[in-house]
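K.L.:
Chains as they are written, first to last, in numbering that gives the first Met the number 0: chain A, 0 to 383; chain B, 0 to 318; chain C, 0 to 711.
Do not rely on the hints blindly, as some may be mistaken.
[To be verified] Below, a list of computed lysine-lysine pairs in the DSSO-like style, where the Cα atoms sit at most 30 Å apart:
no.	chain 1	residue 1	chain 2	residue 2
1	C	K274	C	K329
2	A	K341	C	K465
3	C	K157	B	K59
4	B	K59	C	K465
Since the hints were made in silico from the structure, they are not lab data.
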Amino acid sequence: MAETLTKNHEILEGPQAPRQSRFVQQFRLFKENRLAVVGLVIFLAFFITAVAGVVLTSGQDPVFNPSLVRLQEKLQPPLSLPNLETLKAHEVPTLGIYLLGTDDLGRDVFARMLQGAWVSLTVGFVAVGIAVIVGIFLGGLAGYYGQEGICYDQILDFLLLLSGIIFFILKWHKLGFGLFTAGIFMMILSFRARRVKQNRFMPGWLHKSAFSFDTLIMRMVDIMLCFPSFFLILTVVALLPASIYNIMIVIGLTSWMGTTRFVRAEFLSLREQDFVSAAKALGLGNFRIIFRHMMPNAVAPVLVSATIGIATAILTEAGLSFLGFGVPPPYATWGNILSDGKRFIFDAPWLTFVPGIAILIVVLCFNLFGEGLKDALNPKLRQE
Amino acid sequence: MFSFIGRSIVQKTITLFFVSVVSFLIIHLAPGEPSQIDPMNPKFTPEMVERFRTQFHLDKPLYVQYVYFYRDLFTGKIVSWKDNQSVLAKIWERFLNSLPLFIVGTLLTWTLSFPVGIRSAIYRGGVYDRSATFFSYLLISIPGFFFAYILIILVVTAFHVPVIGMETYGMGNAPWPNLFMDRIWHLLIPSALGATAGIAVLSRYVRSQMLEVEGQDYVRTAKAKGLPPDQVHYKHALRNALLPFVTMFGLILPGLIGGSVIIESIFSWPGMGRMAYEAILARDYPIILTVNFLSAVLVLAGTFLSDLLYLVVDPRIRL
Amino acid sequence: MTTKRFLILVPAIIILFLLQSYLWVPTYEEQTKGNPNRLNEYVTASLGDATLLNPVLSANSASSQIESMVFEGLIDYDEELRFRGRLATSWKVFEEAYFYVNDQAKISYGEAPDVRALVRLLENAKKNSTAFPPKVAGSLNRIESIILLPPEDSTVVKELKATDSEPKPDAVKIHVGAPARIKLVLSEVDQDLFNNLSVILGNDYFSTFDPAKFVTAESPIAETTLSTWAKEILPATEHNPVLIFNLRPNVKFHDGYPFDADDVLFTYEAIMNPKNLSPRVSDYEPVKSVEVLDPLKIRIVYKRLYSPAISTWGMGILPEHLLNAKALKKEAQALGKDPEAFSMRQSRFNRQPVGCGPFTFQEWKSDQFISLNAFEDYWEGPPNYKRYVMRIIPDLLTQEMEFYAGTLDSYNVQPHQVERLKDDPRFQSFSGTSFGYTFIGYNMLRPPFDDVRVRKALGMAIDVNKIIDYVLYGQGENITGPFVKQTDYYNHRIPPLPYDPQGALKLLAEAGFKRNKEGWLERDGKPLQFTLITNSGNDIRKAVLTIAQNAWRQIGIDVRTDLLEWSVFIRERVDKKDFDALVLGWQMPITPDLYQVWHSSQTHPYQLNFVSFKNERADQLIIKIRREYNHAKQVAYCHELHKIIAHEQPYTFLFVGKWMAVLDKRVVIKDIGEDGNMLYKKIKPTKTGSYTFHFNKWIKVPDMPQMTTEGW
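Chain A on its own, in the form it takes in the complex (with noise of 0.2 Å):
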């Protein structure tokens, strides 16, 4: 029997037999890497853990209550024994043991945690979300449309647009009602302009292309480089009112440019080939070429780094935490839970410790999850 099979699998990797899918090889090359293998079991356990908090900390009467306060119950060591003399029915968890601990106002620690994991796991995704997005648009653009130049009229109207609408909200309403109007005016007008052949509206020069669209693009992402991120953060998330939206959406807002260049840059090499020309003579629409024919191929690095882009922001939010603008109350984020818990440390470490070493887990987990993903997807490790 033995020796059949092995035939069967030398034939199978005999010259004549079709090439493996790209996805199986791919999945091979994962599957070696064992680290990579951990990380994406336990990425996937956090994933059920977060899904199965939400559902179980939620609600009018949730099975396991993260807010319930037992003040006479505070700061017990994990696995110890609700003391059932003082606690009311409702009162005692739900395990019958405090698994983890009770916070400094007899909260139980497990139930925060679990929790937490949705909300922490919920930055991470939307803001990873916002990042990729956005990251994808401008670079799709920016690598499609790359040499396609941005013409002065395009760039005056934009202005004239943009004042009309700052003037606007400066209370300025006449002029910048005035401003607005022209700008719509002048889109109309050089939209025409560029139908018809024979142009009276517009001089020449405006239809001249300033810079490419490309550059826009790029000038913009240099433009965000410029601010040490976590600083930008800090400041944006410092004076702006606290909110679990403004945390992700800022954290999104500033990386995204990373994405960016990945994308134009996989855009700028598939431009050239083959099947991107063969769409464009089949004559689909630009879109069309963009999002079903190129971003499949362009996805994977993207991928890669939204891995690694979901632990950065778990991370950051827990540096946020840290400095006191991370996620307010009521929702327990593991990077809140760690910073409360730090003034503790002495009296009970495992405020500290268990949240620590969670963040630490699953961030590592993402991580090695992300490396592993790097090296199936990498074409030159593949032939090998």
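Let chain A serve as the given structure and place chains B and C on it in line with the hints.
P.N.:
Structure of chains B and C alone, referenced to chain A:
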């Protein structure tokens, strides 16, 4: 060559202008006011608040404030709202404090990462490589402040020596070697913390760059010639792998400001990052904006420098 | 090869060099044993840095901590919270009262007399004071002299209020032909003087005085405006309390320059100078004039009755010779700055202050430390410590670590740390009631908080004692009203709200709230639902927020919570009164002036009565307390006001926290006893709860001193 330099200076100036506008808008459009105007202090009457606003030009339209601010910045007259100290003098003082941390951290990072990364690349997939990978990711993944606290508590409870700040207070008139060594001791933990994270990241880069290069023909040739392995790796391979690091080296300067907020707060190290953080808390706009502006200048100068270095190092680039 | 060796050797050497430095660093024990100088230094910690070391300009806690060491005020509070002379040796308070002669009014027994007859009338009344009711007699007996001031002509320039149509205010010249006026000098301040005099002069003598007919405007203006101005210019009656300080002779500033009354005058003028933007202006706004009588005597006249005024003279006195216009001009010229625009705010004095306090300024490194040296010529004798250092450490946990490492003598200790450290043989710990209380305030403009039963019920649902026991580890006390608990003003007879959730439900039921199917309380189909907010960065308030939310949810109130960054919290929510309920704390002054926080005139946006507490009797009492200079009467008014506020429950008064301190046991009081021998005593907090009261006598000794039991 000169046209390249000229073009890139113009380009960077324009970028800098936009950075200045964006950072100005971010700060001034956010709610909240400088803490000097503390409305919950019963002693501040509305008239007082008004007077403060006038003194800080907060009652003027935004673009006027912008012009005032950058005029003061370029003439060096800009003062902090918190204590009326010259911002540039303050930043210089803090810069000098941050410098030792930065130098020790950078030195450690930019030396130790190479042997670690190269060894990983040579024995790719081996036990050393895998444990190095694991440990470097472990160091990247640990929340910085968590790590710092654990270290501080270990050292203080085990050795009963002070670690916070730049020096031990109350040494009085101890002989100078003691004072000097005391300062060195206070440098140890924060710079080691910075360096471990740096080494973790950089050694990964070194590893992947070396992997790219190790497969090249000239390395194989060198190996085939029977050169000692160290010479192959550290001479032939490393030199060719170095190119991308030129870019990274240009970008370490800005790390002086942004990277150290948390470490400096924990160790109450009076450096740039901490000053910037305190300024954010106090909404001391002149300091926030100046720090932001300077770091943008540093980033742009860094990229400019690395572009130039590229020109020098890489013979393939000709302009 | 060499590259590899280089790349490994360099970091190895650096690391070894860094590690060996450990051998040079002193440990906790070595710091005291091996280094006698360390014993003469007191190192303390602050979370934030100082801003300006000038008592006139700054109002934050880190700055005032240093200022209290470097500067000295005229007076301060003693162990019993009574005033105690510092730069002033003694002081006297009396009153000068004025009223205009009203020729319209009829005196109770006949026609309006001429001016001289009026004076005679008062003099006679004073002579026969026993004929009047005791209150009136009291007022008459306080009159020391009656002086007649002749009519007087003057011109006043007033500005019309700017309107939308005319943004620039118009100046109007007004001629005033003031009638004769009578000045009464009183031995002590008497806010009821004119009430009592109207028994003699007729009930409407003061109210019918019509100032409008004595003024004429140069340009035509509205009659109503003119008559309001006339009332301002010629008030029918006027109280002018007078304060005379006798100053301590032979006091020197740190630079050796003698201190005198001109410095006091200068400090006052510096506060009032609009260029300085002093946050203390409102304290001194009631001052009418400050006059130097002789180098050691100064006289301050107030525009109106304002009893908290005396305490404002605890403010540090600035040296005139370093900050007057001449000195500032010289400094501006030396720095090449425009002398016109150069004010005290820009002066380098604020970073190297000179005062006449027990410590002289030595060095300030921003965000590192501020160090002070003992002032050998301090008038009360130099302090025992030779050096005082305030380190700036922004993190509570690292402060604690530095304390263990021996490089801090005291730090901002937290309740749970006191709990842990109080039995440690190395340390001694203190605590005492502080001046600040924490409360939950309700926006009384929003239903259902307009109903006192709801406010009371919400308070009854919270177990304050549990908060004190578990969150504060016993480092707190109940409080029932807005007065400092250790003063007489606080009414101890008022019982705290009981913790009684059932009673709370009953009260809510009375107010119309019933439980619905889901278990939430609702009234007319609308659930009882609101948001409780506080500022971020304060762990105790955050805990209170969570506990209150939990407690209210238990009785069926759907409470949301929100934590906001301080300036957003204040600007967007408190100032604009956009909140349902909030957790906040007040730091109380010892003087019982509640005007800004509790008077109904202070309920507008941006004012401090943000809960919109309005109570007619309370308003009257607040004004009376402000005007009363007699301690016993003030106490009586305060007790009544306290009762009203406790009854109305505009706040749920939670607790007054305790200040806490942990010190090394070797820090003791060193003093010279009556027999002339050195005497070591254990540090003990004073009755009113200040352990640093005798700070100047503190010292750290190398070994636990042998103290006789008497000293303990």
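K.L.:
Taking the hints in turn, state whether each one holds.
P.N.:
Results for each hint:
1. Between K274 (chain C) and K329 (chain C) the CA atoms are separated by roughly 17 Å; this keeps the pair inside 30 Å, and the hint holds.
2. Proximity of K341 (chain A) to K465 (chain C) is assessed by CA-CA distance (about 23 Å); at most 30 Å being required, the pair is judged to hold.
3. Taking the CA atoms of K157 (chain C) and K59 (chain B), the gap is about 28 Å. The hint holds against a cut of 30 Å.
4. Between K59 (chain B) and K465 (chain C) the alpha-carbon distance is near 51 Å, which puts this suggested pair outside the 30 Å criterion.
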